[in-house]
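> Listed below are the residues making up each chain.
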Amino acid sequence: AQSVTQLGSHVSVSEGALVLLRCNYSSSVPPYLFWYVQYPNQGLQLLLKYTSAATLVKGINGFEAEFKKSETSFHLTKPSAHMSDAAEYFCAVSGYKGGSQGNLIFGKGTKLSVKP
Amino acid sequence: ETGVTQTPRHLVMGMTNKKSLKCEQHLGHNAMYWYKQSAKKPLELMFVYSLEERVENNSVPSRFSPECPNSSHLFLHLHTLQPEDSALYLCASSQTHTPSYEQYFGPGTRLTVT
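Chains as they are written, first to last, in our numbering: chain U, 1 to 116; chain H, 1 to 114.
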């Protein structure tokens with residue numbers, strides 16, 4: 001079975017500081033990995049996705065994530081936080097296995113706060 | 001309209017009411033999804049439709065009834081709901097129901113059951 005663990009339900013950083021949101025996955029098949037962002041009262045927006053083409057994936061709004069198979073991790077980073085980055089971030093995994101292929105398995109989310 | 005739209009954005013209903021949530025995607029996708037998002041719980045996949053056929057039903061109570069009349073529209077019919085059904089209901093679509101394709105989400109319907 002596939003699963004996602006996001007370490008830290010809340011992360012707080014200062015404006016201009018590094019953002020690091022952690023995601024570890026479990027999958028018995030090669031995974032496809034996604035990061036989504038959700039702003040208050042909105043749906044989820046795709047930040048970036050990993051589909052085995054390159055281990056370092058660049059996304060929108062200056063975010064990037066690195067796929068590390070040995071660590072089963074897909075952490076999200078941004079060099080310098082902006083106030084507008086305050087939101088909830090979700091990591092998700094999918095893969096070709098059984099009848100549930102194509103379904104996204106989401107982590108519980110991490111709320112990012114940015115202090116001025 | 002672009003992307004995935006959902007109506008209504010907010011809904012308050014009593015436990016004996018019948019209502020429907022509507023989702024429309026303008027992306028030409030072939031797969032559509034309903035999710036439930038409750039506080040402090042991971043997103044729960046409720047239903048999956050691929051090419052207008054239901055391919056997944058994750059043990060959802062029968063008081064939730066999905067309908068997919070065509071590949072662009074998805075409905076969630078609600079009846080005799082419980083207060084614990086209060087949540088944000090999100091609709092999503094993807095090009096096909098395969099792992100490499102990302103899902104695009106609508107803004108959600110905030111449902112309150114009184």
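Fair warning: there could be bad hints in the mix.
Stated by the list, open to error - Which residues of chain H face chain U? A few of them, derived with a C-beta cut under 8 Å, are:
id : residue
1  : 31
2  : 42
3  : 43
4  : 45
5  : 59
6  : 64
7  : 66
8  : 67
9  : 97
10 : 98
11 : 102
12 : 103
13 : 108
Read the hints as simulated data drawn from the structure, not as lab findings. For each residue, glycine too, the CB sits at the ideal point set by N, CA and C.
> Would you mind marking each hint as holding or not holding in the structure?
Each hint, compared with the structure:
1. Evaluation of the residue 31 of chain H hint against chain U yields a held restraint, the C-beta minimum of about 7 Å falling below 8 Å.
2. Taken as an interface hint, residue 42 of chain H checks out: its beta carbon lies about 5 Å from the nearest beta carbon of chain U, inside 8 Å.
3. Contact between residue 43 of chain H and chain U, as hinted, is supported at the beta carbon level, the nearest pair being about 4 Å apart and thus within 8 Å.
4. Look at residue 45 of chain H: its Cβ gets to within about 6 Å of chain U, closer than 8 Å, so that hint holds up.
5. With its C-beta approaching chain U no nearer than about 13 Å, residue 59 of chain H sits outside the 8 Å limit, and its interface hint is violated.
6. Proximity of residue 64 of chain H to chain U is violated relative to the hint, the smallest CB-CB distance being about 18 Å (cut-off 8 Å).
7. Hint status for residue 66 of chain H: violated, given a least beta-carbon distance of 15 Å to chain U, over 8 Å.
8. For residue 67 of chain H, the interface hint is violated, since its Cβ never comes within 8 Å of a Cβ in chain U; the closest pair sits about 20 Å apart.
9. This hint holds: residue 97 of chain H has a C-beta 4 Å from the nearest C-beta of chain U, less than the 8 Å allowed.
10. Evaluation of the residue 98 of chain H hint against chain U yields a held restraint, the C-beta minimum of about 5 Å falling below 8 Å.
11. A least Cβ separation of about 5 Å between residue 102 of chain H and chain U falls short of the 8 Å threshold, and the interface hint therefore holds.
12. Using the Cβ-Cβ criterion of 8 Å, the hint placing residue 103 of chain H at the interface with chain U is satisfied: the shortest such distance is roughly 6 Å.
13. Residue-level restraint check for residue 108 of chain H holds (minimum Cβ-Cβ distance to chain U is 5 Å; threshold 8 Å).
Comparing the model with each earlier hint shows violations of hints 5, 6, 7 and 8; every other hint is respected.
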